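J.: Each chain is listed here by its residues.
There are 2 protein chains.
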Amino acid sequence: MEEHSNHYAEAATPQNMEEEADLEARDPESNSLNQPLLKRNRTLSSNPLALVGAKVSHIESLDYEINENDLFKHDWRSRSKVQVLQYILLKWTLALLVGLLTGLIATFINLAVENVAGYKLLAVVAFIDEDRYLMGFIFLAVANLLLTASAAVLCVCFAPTAAGPGIPEIKAYLNGVDTPNMFGASTLIVKIVGSIGAVSAGLDLGKEGPLVHIGSCIASLLGQGGPDNYRVKWRWLRYMNNDRDRRDLITCGAAAGVCAAFRSPVGGVLFALEEVATWWRSALLWRTFFSTAIVVVVLRAFIEICRSGECGLFGEGGLIMFDVSTVTVTYRWMDIVPVVVIGIIGGVLGSLYNCLLHKVLRLYNLINQKGRIHKILLSLIVSLFTSACMYGLPFLAKCTACDTSLTDVVCPTNGRTGNFKQFNCPDGYYNDLATLLLTTNDDAVRNIFSTNTPSEYHPLNLLIFFALYCILGLFTFGIAVPSGLFLPIILMGSAYGRMLGIAMKSYTDIDQGLYAVLGAASLMAGSMRMTVSLCVIFLELTNNLLLLPITMIVLLIAKTVGDSFNPSIYEIILHLKGLPFLDAHPEPWMRNLTVRELADAKPPVVTLRGIEKVDRIVEVLRNTTHNGFPVVDDEIEPRVGLALGAAELHGLILRAHLLQVLKKKWFLKEKRRTEEWEVREKFTAVELAEREGKIEEVAVTTEEMEMYVDLHPLTNTTPYTVIESMSVAKAMVLFRQVGLRHLLILPKYEAAGVPPVVGILTRQDLIAYNILNAFPDLRSPKGREKRN
Amino acid sequence: MEEHSNHYAEAATPQNMEEEADLEARDPESNSLNQPLLKRNRTLSSNPLALVGAKVSHIESLDYEINENDLFKHDWRSRSKVQVLQYILLKWTLALLVGLLTGLIATFINLAVENVAGYKLLAVVAFIDEDRYLMGFIFLAVANLLLTASAAVLCVCFAPTAAGPGIPEIKAYLNGVDTPNMFGASTLIVKIVGSIGAVSAGLDLGKEGPLVHIGSCIASLLGQGGPDNYRVKWRWLRYMNNDRDRRDLITCGAAAGVCAAFRSPVGGVLFALEEVATWWRSALLWRTFFSTAIVVVVLRAFIEICRSGECGLFGEGGLIMFDVSTVTVTYRWMDIVPVVVIGIIGGVLGSLYNCLLHKVLRLYNLINQKGRIHKILLSLIVSLFTSACMYGLPFLAKCTACDTSLTDVVCPTNGRTGNFKQFNCPDGYYNDLATLLLTTNDDAVRNIFSTNTPSEYHPLNLLIFFALYCILGLFTFGIAVPSGLFLPIILMGSAYGRMLGIAMKSYTDIDQGLYAVLGAASLMAGSMRMTVSLCVIFLELTNNLLLLPITMIVLLIAKTVGDSFNPSIYEIILHLKGLPFLDAHPEPWMRNLTVRELADAKPPVVTLRGIEKVDRIVEVLRNTTHNGFPVVDDEIEPRVGLALGAAELHGLILRAHLLQVLKKKWFLKEKRRTEEWEVREKFTAVELAEREGKIEEVAVTTEEMEMYVDLHPLTNTTPYTVIESMSVAKAMVLFRQVGLRHLLILPKYEAAGVPPVVGILTRQDLIAYNILNAFPDLRSPKGREKRN
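As given, the protein sequences belong to chains A and B, one line each in that order.
Counting from 1, position 116 in the first sequence corresponds to residue 116 in my numbering; the numbering is continuous, with no gaps.
Counting from 1, position 9 in the second sequence corresponds to residue 9 in my numbering; the numbering is continuous, with no gaps.
Derived from the structure by calculation, the hints contain no laboratory data.
A quick note: this is a predicted structure, and the numbers were derived from the prediction, not measured.
A portion of the hints provided could be inaccurate.
Here are some chain B residues pointing at chain A (derived, C-beta under 7 Å) [to be verified]:
no., residue
1, 269
2, 669
3, 734
4, 738
Cβ atoms here follow ideal geometry from the backbone N, Cα and C, with glycine treated the same way.
If we strip away everything but chain A, and leave its shape as in the complex, we get (with noise of 0.2 Å):
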């Protein structure tokens, strides 16, 4: 993020950023879980670290504005018909390679998941025939803290990123906040094996989120032609090499992940435009929508071939998908009472868990920041937990005795799935928690959604069932694996749901698989407050267009309830970790607040002249954290109409672009204005794309330093501004909708002296919880009268 904080003498580095950051996170009364968890200054701009995995980071902001300085003019003015037909092909090329690699990743992590917590479960049933209990119970625990253990090692060790969901980064990423690794390959890798690892282990902890954010991890790495360290110098990627293109590209790759983790090509490109990204327009709906077609149809293929048995225990069961089309779905106007209190429910639960979820994060932050081996031993303690749990607590369940009437269901069963599992009961019987617990997640949100079995579950166990969940929903998520939130809210959701459909039995006649779907709908409705893409994912998950309208208004309801409690979990997560979200809508009090006073509050801007001498230069860049600087002209040649003194606003110039003057040396021994051809002859557009480099890797010499250097032709000249008498609602608007990462604030006087430009603002500027911590009188409203 481009700061101008107050650290003016210091060199803030990121290390010592850190430092300052853990000994306030030490400091005890930041540790009270009211208190955000980074501190801030109170002053306007604050360090611009935020939480990236577990660690506090640098972050910074990315570049959406098109950058037009001399070079990238001459780039475009030189790009010929085939380069645009190169650069098209390119974008679909790439669309396609992650919709690709998405189900291709999807299929290997599913058909690994079913065959390792298969084979688990298989060897569990055994030790249950031979009624070793004991042995089967270690057996469990053991093969599951195993593989948790694999899991969490590898996110502590080699990749902190990849550890929970991803998608707030993700969020955070399309609004503008480029975190640090979030996108690279380790995290990638890890994110997969890690992923694997955690859903094998019978966790409480669904792989759809992770899906999400190795599609976007692949349309990352595909955009920058590989890892970090061994790209790929193919010159059509050069294209690609700027955050705008980047940005598409992702936005693909999380509606690729959707995609891939419920097999709903609609539901994901909706997902990703109703939840994770921050622009969008008409012709990336379609190159979203085509990823999402790819994916479908590798997945598809894969189906087809793992049919035939070669896959060892996948089946259709690993990719998510819950048909429950064969009911038939008829509606009373009775029926509106049970939807409308699911719905009412579905909102309270969920923001309840919104805000324990958010306690429990806080609680995990704090023993996280312990050291590794802390999170590791968080790990396992939860995966014995689970273990623990979801043995030991079908013990307490009552044999049912199978009913003779279904002829077409086996009863008991004994195997890896099925819906009646015989547990530790006698043949004949079955055991209804053992269906629900002993098995994977995804089998045991199949079971409860299964549909003509009303009196399956027993409503204490479903009970049990639905309070183990919550515990494990709430204790599972913040470990260090990589985890997803979508299961667990849907394990609990569909509980509760079947539990009100018992209730509600004898007043309607809606299937009690049918109440499950509702309730999980309405719970995730309730906790991450989507709607038309949660609809069109259940429609696709569900396979019933008929349970349309009833999903419909469930959402609604949920969604209208819930909000009137906290923001969505996403949302929480995102102020949690401090990373700069702008939101679509200024606070009202913004409108009392004009971008001057705004500037007053910070340090002074700090401007470059068109030729500037190296010395100040580095001066600039070594003592400030800027990421860009205004470019005045104040000794310019006269010209008509233009009396003495006067100034001239030139642009912006970006930090990196300096970076490169001074590492190429691209030095002028007296001050004068260069010729287009010098600077072409030592720069390329495909340089200055590059944002790499610090100023403490630039060396300088006591005789370059006195020399000179046109910063004209590196100038962006046309940078968005705002005048100074414009409200902060306003600029943020701008800022939000054009995607800037500078804006320049022009002074709304015209005469001589007045500087050209009177301030710059940035993203940190305009987050509300900045600007109140500067002007804390915005906090009242009677603070707000008085200003007016």
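Put chain B on the given structure of chain A with help from the hints.
T.: Same frame as chain A, now just chain B:
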């Protein structure tokens, strides 16, 4: 549209502009089919004229920007929490009402159409049964003529804007172009009645497009509290009295309309998102979804009621729904070939249709310009031709023997609906062409989509059907009745799809009915260029999720092929009508032009002083057609740091507000700044939201002319600005993304004597066509090179 035209001296009222345009239209050169209909001047800003209905009218821009003047700020500060809640409640109530009313009206239209068309067809069948073929034809032709005439007369005499689909104008409205009389009460009523007449007359047009327009009309009328002259003065409605909230409501209305047309709630939302809306945000996604959910509930409720037979001839069939869920879809690898072929042909045919329809519409415009009688005659001729073909062509078809192996179908039928019409055939035989032609359009689609009937239609008869609907589809759309494009395209597409299915029969085993569905989808994608929304609409129409992957591929191919030939049909109509639609992407050559160059090609900007003389205001309002004027203070009080000759940009004042000042005679005897209470005494924020009145209606005495007005409190102090070196491309992105009406250009020089604002840009200035007229050298790549 705000304009800075060079009609400086003469008052350019809409009347004489229309005459000018008429004169131009009569110019033989402009009658050429390749010239744009509206001849524009060779200056940058053209006249803000567009074809509205079939008339050339004056159009205006919408103002989505928040006009932050002193009165607004005071109103904003004084808003209590209760008022904010009222506002939110109002928005949701209106969304509910939009859904409710759209659903009710859609049901009413369906009821009416099914009954009118049904009894008409029953009477015709009765004549045929008695072998009185000529009488049958005369009855059909006369009935159709009468129905068409009623629709045409209504459209021509009472609401010319009700003709056509209305979707392009809605698209333009949501882009910021306020086409007059588009959303009035008379338009709504004529659209409803005319739609019933035109569809029951058996013309080749649908009620889908009109339903979208009806939904938008309802939304607009609700938002403003009733028809223009009889508005409800409900206090709450003032919250909606701005272009932003009205835009959101009309988006809801458009989505509700699509949903009502296709019984497709998700498809409706996506259609609004992909095709109609320019600005979008997540909150709107949710609200439109709410509206469409209500529509679906209303439609379902009425279907339940009508099932008991209380709705005359209206049964399940009334609302479009082509259920193909009975077909089990299985794919083989080979099936990709016909799918690709359908996609490619759909794209080619779709773009060909666009191209031909463009020519026909231009021809029709020339006919329509000749007067009302010509318009009505044209409609009647088309109606007569349609009747003749519908009735006459089936005589060409041979009678086919009923397939006695199909036990569950009635064959032959001679009622109103049914898949095997007897027509002129003996018992036990059916006429396949009569099945397709002598029926309502909805039933025709249902019959051609019907599955498990591989040999029902003879290929030759399908070819006749296809050829007929190609001709009708081209020549029906432009006549002066409410007409939708969806159904004609579905009919054409399904015919060629089924033909292709017969040709491919030996290679694949995809059902013939599915071929018809895919053909229809491909042609729609080829002509309208929608993807995701179309896919979901077809999903919801055909009720078969397994069709999804195959539909996606067909749509993607058809759209790609179509896009390589010409723009979508809606864009063609927008261009034809001369509506200044702002595209999402700037043209590449816009990077080579600065806003200063653009502004210099226009007459100099007209600015007002902060405290201005009344006669200057009257003069400016009379002699220009601009709708916004920068307010500049050049005699500001001396301040620290400001030299003599300093000038200050205070903001932008709207013509509407100047008119209010003149009307209310808020004049000052001496030159002084007013206090806030003085303004608040005279004006309310509610009054300022009105945009009515003309300068011609204002009378100012000579004495008053010498008085002063303090414009400061009414000036929007926070206009969006760009710096003069900004490229047109970036300015256009800003203009469109933020939804502006005026964009001020500031100088990049800071010096005494430089005016604080050097130009002003409006929508018309940023339309590529207008810029190219003023800078013809930008057309050629060479000219562009030279500029740099």
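J.: All hints are to be evaluated individually against the structure, with a verdict given for each.
T.: Cross-check of the supplied hints:
{"no.": "1", "hint": "269", "in the structure": "holds (6 Å)"}
{"no.": "2", "hint": "669", "in the structure": "violated (29 Å)"}
{"no.": "3", "hint": "734", "in the structure": "holds (6 Å)"}
{"no.": "4", "hint": "738", "in the structure": "holds (5 Å)"}
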